[in-house]
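Q: If you're matching them up, the sequences are chains A and B in order. Residue numbers for the first sequence follow our numbering, beginning at 1 and rising by one. Residue numbers for the second sequence follow our numbering, beginning at 1001 and rising by one.
Because the hints were derived from the structure by calculation, they are not lab data. This one's a predicted model, so the numbers in the text were calculated from it and none came from an experiment. A few of these clues could be false.
[As the list claims (entries may be wrong)] Simulated coverage check for chain B against chain A, where a stretch passes if three residues somewhere in it have a Cβ under 8 Å from a Cβ of chain A:
#1 1176 to 1188
#2 1191 to 1204
[Claimed, not checked] Not everything, but these chain A residues come out facing chain B in the computed CB check (under 8 Å):
#3 A49
#4 T68
#5 A71
#6 R72
#7 F80
#8 H82
#9 F86
#10 R87
#11 F97
#12 R102
#13 L123
#14 V153
#15 A293
Quick reminder that beta carbons are idealized off the backbone N, C-alpha and C, glycines included.
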Amino acid sequence: MSIRVETITKTFGQFRALDNVTVDFPEGELVALLGPSGCGKTTLLRTIAGLESPDSGRVMFKGEDASTKHARERNVGFVFQHYALFRHMSVFENVAFGLRIRPRRTRPGEAEIRKKVGDLLDLVQLGWLADRAPSQLSGGQRQRIALARALAVEPQVLLLDEPFGALDAKVRKELRAWLRQLHDKLPISTIFVTHDQEEALDLADRIIVMNKGHVEQVGSPEDVHRDPATSFVYDFLGSSNEFAGLVNNAALQAEGIALSVPELANYEGKCVRVCVRPHHFGIHCVEAAGRIAARVERVVEFGAVTRAELSAVANGKRLELEFPTALEGKVKPSAGTVLYLEPGQYKIFANQP
Amino acid sequence: MRETANAQRGRTRHERNDATRDAPVVKWIVLGLGLAFFLVFLLLPLLAVFVEAFRRGFSVYIAALAEPDAQSAIRLTLTAAAFAVPLNVVFGIAAAWLISKFEFTGKTVLVTLIDLPFSVSPVVAGLIYVLVFGAQGWFGGWLKDHDIKIIFAVPGIVLATVFVTFPFVARELIPLMQAQGRDEEEAALVLGASGLQTFLRVTLPNIFWGLLYGVILCNARAMGEFGAVSVVSGHIRGQTNTMPLHIEILYNEYQFAAAFAVASLLALLALVTLLIKTVAERRQDARDREPQFNHVEPAVTSSS
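Only chain B is shown next, with the shape it has when bound in the complex (with noise of 0.2 Å):
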């Protein structure tokens, strides 16, 4: 039995048993295929994108991110998500709201509607905004009679963002309010709690961290988001390309350094969101998952 505590470390109970366990080489074949597709499909990518952008130099890569339409693709990104995030959390939460608390008709009817923009081609979802505000579209006449500009404009793209990130918030809290299900707050209002201290006090921090991780989703593809936002920009540099428009552009002008470079920041993003979505997942598991008190995991004996 010297074996014991070296072998068994990193080995799960159902591993220890000789009754569960499957044979070695499942599992060496099993993580193998993970690992051989995690490398080659994210990994190498996600590595290729910082060599590029790298390649020429640093200079090249600062020069790349200083240019003016570079600085403005930020901006406007920044501000479609800017908008989109605040109006996502405040729908989000009043949509999850709605649904988990309150009974009503036509609430499975919203619950698909929720997930449209998810359903939806974001090509669709921003034809659909110039079809209804475009020059020739229902408002479109009375738009160019007040002077406003929707498509081909920041508010356009503003709106296709808002579109396309909607329920991420609301997807984040249903079932994580549906879980928590509505004693706590009655117990608020027995204790004369009003409605806006129940959700201050008990409602808001119960979902906190689920709804910092879909304010994290949701941001991510606020400033990621290409499909709709393309229809709607009218590609204006320097006035209505966004991050992922301006790579485009770029890479079809043959910058390749420049185009990665830019591609590197939303790079960097995404690994930051992933990094922050794991400390609130982690977060949010510990609090759901309610320590019992009786419950001790059997403790691991080995003997030497």
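The shape of chain A in the complex, shown without the other chains (with noise of 0.2 Å):
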């Protein structure tokens, strides 16, 4: 089902979460909504589900506007960030739930209900489960019960808020795989709400970066990661080195540190910033026009990566770097050392007035 949210804007107190916010969601896709803690995405996630009214705006489902519906009759599937599991009911019957309360007309027979609930423990692949109570599965496992009871009355939406928030690095992984797998097996519009960039750019088809209750980009994540629309979405997206000053002359003085670029030309006399990512920098142990020379503080070795920190000789900045382990033998960055960095790839963002 597609969905579009209109001009939605939502205060809590005085805190602003959703600002005009207006966004569409295209049928079948599984999107992202990503941003830092407060940045509303939680919010508009609730409010497509009905948990939380607008103050102003509409929610549209299929084009009809869903604004006046209730909650439960909207027909959405929510998994909860701490999955919300009914604590005294077993798995099975957690899963059972939204089939048993439906009124007498509607509800499927004992037996469609077990072979329903036992074909979607399948589907989560933790059949095994179905006796046990919540209190006694793994955070992955309770995850995937909650998406399973959320899947038994045949969403036309899911709404999955910060699904792996919960859970260790190595289950978050796995999880995030066969969430995509599941995903394209059934083909359900998906949202998710993630303030981790690195899961957004893995699993989303579409990812609507938001930032302090408004949209900042919305893209594919080709897009979003290589063509970043804002200093914010580019700073989100990954380390970022920064240089921001006034462009004269076609170079960026950036608190005594000297920047040309070519594309500078173009910013004559604004005050801009250049964003370079950590491994972006061409390293040199010669000084020449364009460089910047910084002194090595630390290095670490990550496997195929290896990433140092450096202070800018000019003006004491910090700087990240990060280059193939396999190339230390070339440049060999010690501790101690001066670098001479080149921004190969940048983004140049002039400054909101």
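Two chains, two frames, some hints: make the complex.
A: Quick look at the structure:
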């Protein structure tokens, strides 16, 4: 089911959680709502489910206004961050809940319920846990049961609030791959909330980056990653070295560091920020125009990648550097040496007035 | 290392550890003080009640309970409890629901008000009703005109009992429901459950043991209440005497065996209450202490 939220605003007291947000969620896609905590992503998800009512704006399901529909009539599957499994019911009864509470007319028979719940438990590969209590399950298992419970009512849209937030790193990765496979098998429109950019890039067909109650960028993971629309998105999607200052004669003066890259000519006389990813620096041993001199403070090797922390010679600014470990032999950065860094790829953002 | 297994039985982990162990003398002094207090102030009086009740023999005991005034007192006590407990359950759940699931201004005032019956002396609680409903009270004239008797009659006793027992269920449920949060109710809601279905299938089972615990305490207090009931009762034998009031009258008339016989009924009730309470508490604990999947107590290793 396609969903559209239109000019939604929601405030909690003085806090503006959603500020005139308009977004489209196309049918059948797996969409990530990505942003730091407090950016309004969970509020947006809950608004779609009907668990929060917006101060203004509309939620459209398949082009129809669903704003006045009660949460119980919206036919959404919602997986809560802490799963919210019914603690006094067995796993089986948890999954069966949505079917058992239906009015008599539409309630399936006991045999049908058993079959359906059994199928769902098989789908999440936890059929053998049917008689357990939720408290006897691990976090990853609870997560999958919560998903099975949400799927039992055959929702038109699946909403997941920080689905992997409470899990440890290894389980998180496994479940992520599993959820992607599941979505390929059952192409229900799915929206999930996350603050983990890697998770969003890895899993989603489309990413909506949010900040302070508004949408910063919408696009495919490739688009968002390769071409961030704002410096916030750039920052949020990975570590970044930032140089801010005034452009003069096609060169940037950033607190003592002089930076000259070709595109700066377009920003003559403006205040800009040049952002460089740690792995987008060229590393040199000799000084030259446009290179930033920096002293290596610390070198840490992470398998194929080595990270280094440096401080700029000119003003002591902290810089982050990443390069393939295999390269090390060539340049050999070690603590104390001075390197000359040349921005290879970068992104320039004109400062908002 | 021969002593290990046997000596370790009944000791906590921190006692087995030299680095955290206190001197045994400390343990025995603390234990001794606790036990002595328990024996002198709790167990001895309880025993005394039963010993005194049966001092003059079993037949006197039965006769004291079978006496019409005693029967009437027992009936009245049960009546008061039969009103107080269900009302308490309804008010308690409603108040706890309101406080734990909603945000509104004046919430702290409400929480404080719920505790009022605990902080006010029962005598004052009784006097409030006399002032409001008594012959000289605010509604005294109106009530008299309509021939309704509240003070010195059964309704007054029920009202006073409801007042003093009001906090029990609410007090028990508020922290429980606050700890459980709203997630499960919201989950039921999006799965399509109606408000009533959510309450019956999700909320109520989750608070069941806590509710039972509150009901038991409420019932015990309802049957045992003396002060407030004494003020509004008027002590009319066979009509407005509850068990505690009846016991006092018997005692003042030097009918010790009869007084203790009725008292033993109340004491018995207290014991049963404690028993059910312990079970309820254990069930609630077992539920709240969600055993973690990966949490395994370190095994006690014993070498011989």
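Q: Identify whether the interface hint at A/R102 stands, where standing means a beta carbon of chain B within less than 8 Å of its own.
A: holds (7 Å)
Q: Does A/F80 hold up as a contact with chain B if the rule is Cβ-Cβ below 8 Å?
A: It holds, given that the least Cβ distance between A/F80 and chain B is near 5 Å, below 8 Å.
Q: Are A/L123 and chain B close enough, Cβ to Cβ, to be under 8 Å, as the hint says?
A: At 17 Å from the nearest chain B Cβ, A/L123 fails the 8 Å test, so the hint is violated.
Q: May I ask you to test the interface hint for A/T68 with respect to chain B, counting a Cβ-Cβ separation under 8 Å as satisfied?
A: Where the cut-off is 8 Å and the nearest Cβ of chain B is about 16 Å from A/T68, the hint is violated.
Q: Given A/R72 as an interface hint, is its Cβ closer than 8 Å to any Cβ of chain B?
A: With Cβ-Cβ at 5 Å, under 8 Å, it holds.
Q: Within the region 1176 to 1188 of chain B, is the number of residues with a Cβ closer than 8 Å to a Cβ of chain A three or more?
A: holds (count 5)
Q: Going by Cβ atoms only, is A/H82 closer than 8 Å to chain B?
A: holds (6 Å)
Q: The hint names A/A49 as touching chain B; please verify it with the least Cβ-Cβ distance against 8 Å.
A: Holds, because the Cβ-Cβ distance from A/A49 to chain B comes to roughly 6 Å (cut-off 8 Å).
Q: Is the interface hint for A/F97 satisfied, with its Cβ closer than 8 Å to some Cβ of chain B?
A: Nearest chain B Cβ about 6 Å off; hint holds.
Q: Identify whether the interface hint at A/A71 stands, where standing means a beta carbon of chain B within less than 8 Å of its own.
A: Constraint on A/A71 satisfied, holds at 5 Å.
Q: Does the interface hint hold: is A/A293 within less than 8 Å of chain B, judged Cβ to Cβ?
A: At about 50 Å, which exceeds the 8 Å cut-off, the nearest Cβ of chain B leaves the hint on A/A293 violated.
Q: Hint A/F86 vs chain B: min CB-CB distance below 8 Å?
A: holds (6 Å)
In summary, the structure is inconsistent with hints 4, 13, 15 from the numbered list given earlier, while agreeing with the others.
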